[in-house]
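Based on the hints, put chain Z in the right spot on chain A.
Number of protein chains: 2
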Amino acid sequence: MSETAAAKNAVVLLSGGLDSTTTVAIAQAAGFTVHALSFRYGQRHSFELHCAQRIAEAAGVARHVILDLDLSQFGGSALTADIPVPKDRNQAEMEGAIPVTYVPARNTVFLSCALGWAETLNTGDIFIGVNAVDYSGYPDCRPAYMQAFQRMANLATKGGVEGKLPVTIHTPLIDLTKAEIIRRGVELGVDYGLTVSCYDPDALGRACGHCDACQLRLRGFREAGLKDPIIYQEDQNR
Amino acid sequence: MSETAAAKNAVVLLSGGLDSTTTVAIAQAAGFTVHALSFRYGQRHSFELHCAQRIAEAAGVARHVILDLDLSQFGGSALTADIPVPKDRNQAEMEGAIPVTYVPARNTVFLSCALGWAETLNTGDIFIGVNAVDYSGYPDCRPAYMQAFQRMANLATKGGVEGKLPVTIHTPLIDLTKAEIIRRGVELGVDYGLTVSCYDPDALGRACGHCDACQLRLRGFREAGLKDPIIYQEDQNR
Numbered sequence: 000m001s002e003t004a005a006a007k008n009a010v011v012l013l014s015g016g017l018d019s020t021t022t023v024a025i026a027q028a029a030g031f032t033v034h035a036l037s038f039r040y041g042q043r044h045s046f047e048l049h050c051a052q053r054i055a056e057a058a059g060v061a062r063h064v065i066l067d068l069d070l071s072q073f074g075g076s077a078l079t080a081d082i083p084v085p086k087d088r089n090q091a092e093m094e095g096a097i098p099v100t101y102v103p104a105r106n107t108v109f110l111s112c113a114l115g116w117a118e119t120l121n122t123g124d125i126f127i128g129v130n131a132v133d134y135s136g137y138p139d140c141r142p143a144y145m146q147a148f149q150r151m152a153n154l155a156t157k158g159g160v161e162g163k164l165p166v167t168i169h170t171p172l173i174d175l176t177k178a179e180i181i182r183r184g185v186e187l188g189v190d191y192g193l194t195v196s197c198y199d200p201d202a203l204g205r206a207c208g209h210c211d212a213c214q215l216r217l218r219g220f221r222e223a224g225l226k227d228p229i230i231y232q233e234d235q236n237r
Numbered sequence: 000m001s002e003t004a005a006a007k008n009a010v011v012l013l014s015g016g017l018d019s020t021t022t023v024a025i026a027q028a029a030g031f032t033v034h035a036l037s038f039r040y041g042q043r044h045s046f047e048l049h050c051a052q053r054i055a056e057a058a059g060v061a062r063h064v065i066l067d068l069d070l071s072q073f074g075g076s077a078l079t080a081d082i083p084v085p086k087d088r089n090q091a092e093m094e095g096a097i098p099v100t101y102v103p104a105r106n107t108v109f110l111s112c113a114l115g116w117a118e119t120l121n122t123g124d125i126f127i128g129v130n131a132v133d134y135s136g137y138p139d140c141r142p143a144y145m146q147a148f149q150r151m152a153n154l155a156t157k158g159g160v161e162g163k164l165p166v167t168i169h170t171p172l173i174d175l176t177k178a179e180i181i182r183r184g185v186e187l188g189v190d191y192g193l194t195v196s197c198y199d200p201d202a203l204g205r206a207c208g209h210c211d212a213c214q215l216r217l218r219g220f221r222e223a224g225l226k227d228p229i230i231y232q233e234d235q236n237r
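Residue numbers (numbering that gives the first Met the number 0), protein chains in the order written: chain A, 0 to 237; chain Z, 0 to 237.
Read the hints as simulated data drawn from the structure, not as lab findings.
Any given hint might turn out to be false.
Unchecked claim - Which stretches of chain Z does chain A cover? Using the computed rule of at least three CB atoms under 8 Å from a CB of chain A, they are:
{"#": "1", "stretch": "59 to 68"}
{"#": "2", "stretch": "140 to 147"}
{"#": "3", "stretch": "153 to 167"}
In this text, a Cβ means the ideal position worked out from N, Cα and C, and glycines have one as well.
Bound-form chain A, shown alone (with noise of 0.2 Å):
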């Protein structure tokens, strides 16, 4: 964290997963006074936001909002509907379609209160965890999406039309394989046993192993050489 006098403010949006959880200790690590921001937005399991709360406070961040907004009104995703998660995909099974675990306009949303709140913060920088290697079919991780992103928001706010305080979209991830990811973020010291990934833990929190963001997630770490310290509803580290 950064407490120093040229210490800027940043938006970081925080799921309680792998990605963003290195996204916050990146932005500490360039200097920036985090304010993490997640969001109840109707996912069938809260246990994500209970790792975020955790995240929040073991990296000392100056504040953590979580904002209630529920998505789940519209209807049309497995994270916030009752669709089964897809298992035991294969890679190009992963790639080729976008996944029914797509969270209609969830980035835009989620990107678009980040907006609001840096605003009223007098800062333009908003830092998202996304990443274009494994971004398994989402049509709102892509670097093109961001830079439109980042260009509405210009003309959308008091200090990107006056220039004083122009927009930003960090995506410190988006070049970066899971693996390097994990690497980065041992470095900073992030501590992943906090983090959840799991689209369909169990009761007790445990991942699945299975989904998508778990196999990712698992071929990270092995890719990485590291073990992965969460627990799994299976032992993983086979």
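Chain Z alone, transformed into the frame defined by chain A:
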């Protein structure tokens, strides 16, 4: 309301004000099945949400969703924080600075949520009742901003990316004066007695007559040669 086989879904942002109410009527007249979206976003008075509900009922929309989204957690505006609403400003004062009643990133947040709902409704048609003539200094009411939002939205969504459901942000009021909006609404049978515009109504919901929104509304009715049917704290039809 359109009930024909060719009817297309549209999401219309409905604040309960004069402009958004007219926009609902215009969307219906154009053959769209309207899904109206309002927000409980931490505004100081919830009277406008009562109005929005009555307007949605009167218009016979397919569905009206009021989404809870407490932007007041971020602070930063007279509409959500405890800053006095400016009164009796002249035209130059209204047009000069971005007003304190500006809510950071409000239209961006609202349009983003509308985008999520539109996608689950299998449509790309979104209506918002902004207008550039009376926009009163809000950056997120200008045509350049609307175009940038539409471009971003077409990169954000499954439908936009695949080209099957291009997103269109309809702004039917953008070039109209307040008087022209009122005349158009009256032609379409809008009951403006159900609407509210005031930034600072009293406990009975009566408009103050002095804030920017009241002044623009009253001038619009005068220029349209019509009597404003809502009740003011003092008689405004002098």
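> Residue count check for the stretch 153 to 167 of chain Z against chain A: does it reach three with CB-CB under 8 Å?
Replying inline: Result for this restraint: holds, n = 6.
>> Is the coverage entry for the stretch 140 to 147 of chain Z by chain A consistent with the three-residue Cβ rule at 8 Å?
In response: Result for this restraint: holds, n = 4.
> Residue count check for the stretch 59 to 68 of chain Z against chain A: does it reach three with CB-CB under 8 Å?
Replying inline: holds (count 4)
Violation of the numbered hints given earlier is absent; every hint is satisfied by the structure.
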